[in-house]
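Single-letter residue listing:
Protein chains: 2
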Amino acid sequence: MGQNRATGQAGRGTVVRGIRQALAAGDMAPGQRLVEQELADTFHATRSSVREALQELAADGLVELIPRRGARVRVISVEDAVLITECRAVLEGLCARRAAERATEKDRTVLRDIGTAMEDAVDRGELETYSALNRRLHELVARVSGQTVAESLLDRLNGQMVRYQFRLALRPGRPTQSLPQHRAIIDAILAGDPAAAERAARAHLDSVIEQLRATPGPSPHLT
Amino acid sequence: MGQNRATGQAGRGTVVRGIRQALAAGDMAPGQRLVEQELADTFHATRSSVREALQELAADGLVELIPRRGARVRVISVEDAVLITECRAVLEGLCARRAAERATEKDRTVLRDIGTAMEDAVDRGELETYSALNRRLHELVARVSGQTVAESLLDRLNGQMVRYQFRLALRPGRPTQSLPQHRAIIDAILAGDPAAAERAARAHLDSVIEQLRATPGPSPHLT
DNA sequence: GTCGATGAAATTGTTGACAATATCTCCGAT
DNA sequence: ATCGGAGATATTGTCAACAATTTCATCGAC
Chain A
1 MGQNRATGQA GRGTVVRGIR QALAAGDMAP GQRLVEQELA DTFHATRSSV REALQELAAD
61 GLVELIPRRG ARVRVISVED AVLITECRAV LEGLCARRAA ERATEKDRTV LRDIGTAMED
121 AVDRGELETY SALNRRLHEL VARVSGQTVA ESLLDRLNGQ MVRYQFRLAL RPGRPTQSLP
181 QHRAIIDAIL AGDPAAAERA ARAHLDSVIE QLRATPGPSP HLT
Chain B
1 MGQNRATGQA GRGTVVRGIR QALAAGDMAP GQRLVEQELA DTFHATRSSV REALQELAAD
61 GLVELIPRRG ARVRVISVED AVLITECRAV LEGLCARRAA ERATEKDRTV LRDIGTAMED
121 AVDRGELETY SALNRRLHEL VARVSGQTVA ESLLDRLNGQ MVRYQFRLAL RPGRPTQSLP
181 QHRAIIDAIL AGDPAAAERA ARAHLDSVIE QLRATPGPSP HLT
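As they're listed, the protein sequences go chains A and B.
According to this note's numbering, the first sequence is numbered sequentially starting from 1.
According to this note's numbering, the second sequence is numbered sequentially starting from 1.
Please keep in mind that the hints were generated in silico from the structure rather than gathered at the bench.
Hints should not be assumed to be uniformly reliable.
Okay, the calculated beta carbon distance ranges per label pair [stated by the list, open to error]:
(1) 195/A / 166/B: 26 to 36 Å
(2) 101/A / 119/B: 34 to 44 Å
(3) 75/B / 29/A: 39 to 49 Å
(4) 210/A / 9/B: 38 to 48 Å
(5) 79/B / 129/A: 54 to 64 Å
(6) 9/B / 35/A: 39 to 49 Å
(7) 66/A / 77/B: 36 to 46 Å
Note that CB positions come from ideal geometry on N, CA and C, so glycine has one too.
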């Protein structure tokens with residue numbers, strides 16, 4: 001691994017992954033300007049690759065593309081985050097409902113395991129683990145539901161929320177609040193009760209919205 | 001309007017619009033291969049513009065992009081259409097709910113007008129008019145709801161459904177079936193009853209799903 | 001007659017140079 | 001000191017030629 005520039009479609013993938021990661025890690029501030037040549041240098045790709053990567057990220061709503069003025073990391077206000085989460089609420093509600101109808105024995109076992117693992121993690125105060133299980137749970141529900149369209153929409157929406165998600169998960173007392181909500185979703189799916197599963201998923205995300213509303217706006221731009 | 005090649009971003013826009021329209025008009029069959037040079041010629045644009053346009057359309061799910069093998073018009077199976085409509089159901093449910101909470105006097109007036117215009121159109125058997133009003137209604141509800149995120153998701157999903165939508169609207173007896181459902185949505189919003197509005201929107205789209213399921217698969221490829 | 005290989009044609013992917021535009025810097029006028 | 005404008009620089013957008021790959025047609029062997 002050295003000086004070789006990743007070229008072509010490989011390069012594009014590299015840049016997309018790189019920017020995604022930098023965004024998730026908080027290495028790129030919202031509103032920050034993204035200069036094509038700089039990106040090309042840091043990721044050892046060509047400007048063409050960077051250009052295409054930016055378009056892809058713009059389509060996913062992670063980056064804002066202004067003609068003749070380049071790309072910026074998209075700024076997502078608290079209000080935006082709320083609107084996004086409202087969509088997540090109904091879409092995850094749909095997924096939970098269908099998951100309750102369709103979960104196989106195998107799925108149920110995995111679900112049960114995630115449930116107990118979550119309780120353990122919260123007991124032991126392992127926030128990182130809990131957060132990871134959280135993601136796994138939401139992903140599993142979407143996958144089990146067979147709602148591939150909803151799943152991809154949720155993917156997109158979640159991508160836009162990275163900044164807020166890690167902010168929320170670290171809130172003191174948050175796990176104690178969300179754990180029973182996750183339990184309720186799991187239990188409803190295990191019980192094969194679609195209506196309850198949908199209600200539980202929505203209730204969970206409504207609570208996320210409440211938390212978001214109590215969030216101070218994202219650190220005023222250090223342009 | 002002559003021999004001038006639309007160049008650059010203008011060209012890209014031209015191509016995107018052109019393909020979108022051709023798709024809506026049924027001039028491009030699903031699965032049809034889209035060759036860059038051909039498109040560049042027919043829309044009088046450069047191959048670069050075409051390339052970018054295809055990426056944009058791919059991000060919107062209208063076109064399938066396979067590396068090294070070019071672009072094809074995306075084939076949307078009946079099952080896909082059902083999954084899409086299930087998402088639409090919950091998203092439009094959300095919009096209807098919020099619209100019921102937020103509609104201003106002005107909005108209500110427009111809504112009422114659309115309602116009566118719909119009834120007139122059905123009475124007179126003006127299918128085209130009814131179909132246009134249908135679109136306007138769904139758009140208005142989304143806009144009034146203030147759910148900009150849901151609105152853009154719905155835009156994307158609707159774009160993928162063009163083929164099926166016109167197929168459904170022409171079904172005999174369909175207007176008689178959908179008119180009261182539209183009325184129910186409008187009335188619930190006018191009454192300021194969020195829960196009823198959401199139920200009505202969902203019920204309407206559940207009925208669309210039923211119709212879709214009773215649809216013969218999209219005409220077996222005339223590749 | 002079918003299958004596979006070989007070469008030709010068509011098509012997509014990549015690159016680097018160039019053009020157009022925006023942004024910044026510096027300077028002078030008020 | 002502030003504002004505005006001219007030039008310089010930085011940055012994005014465009015293009016056409018070239019490279020790589022796939023697809024298609026032709027031909028020969030079994």
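Cross-check of the supplied hints:
The beta-carbon spacing between residue 195/A and residue 166/B, approximately 34 Å, falls within the hinted interval of 26 to 36 Å. Look at residue 101/A against residue 119/B: about 37 Å separates their beta carbons, and that is inside 34 to 44 Å. Taking the beta carbon of each, residue 75/B and residue 29/A are about 42 Å apart, inside 39 to 49 Å as hinted. Between residue 210/A and residue 9/B the beta carbons are some 42 Å apart, a value that agrees with the proposed interval 38 to 48 Å.
Distance hint for residue 79/B and residue 129/A: a CB-CB separation of about 37 Å, inconsistent with the stated range 54 to 64 Å. Between residue 9/B and residue 35/A the beta carbons are some 19 Å apart, a value that contradicts the proposed interval 39 to 49 Å. Taken as a hint, the range 36 to 46 Å holds for the pair residue 66/A and residue 77/B, whose Cβ atoms sit roughly 37 Å apart.
Checked against the numbered hints given earlier, this structure breaks hints 5 and 6; the rest are met.
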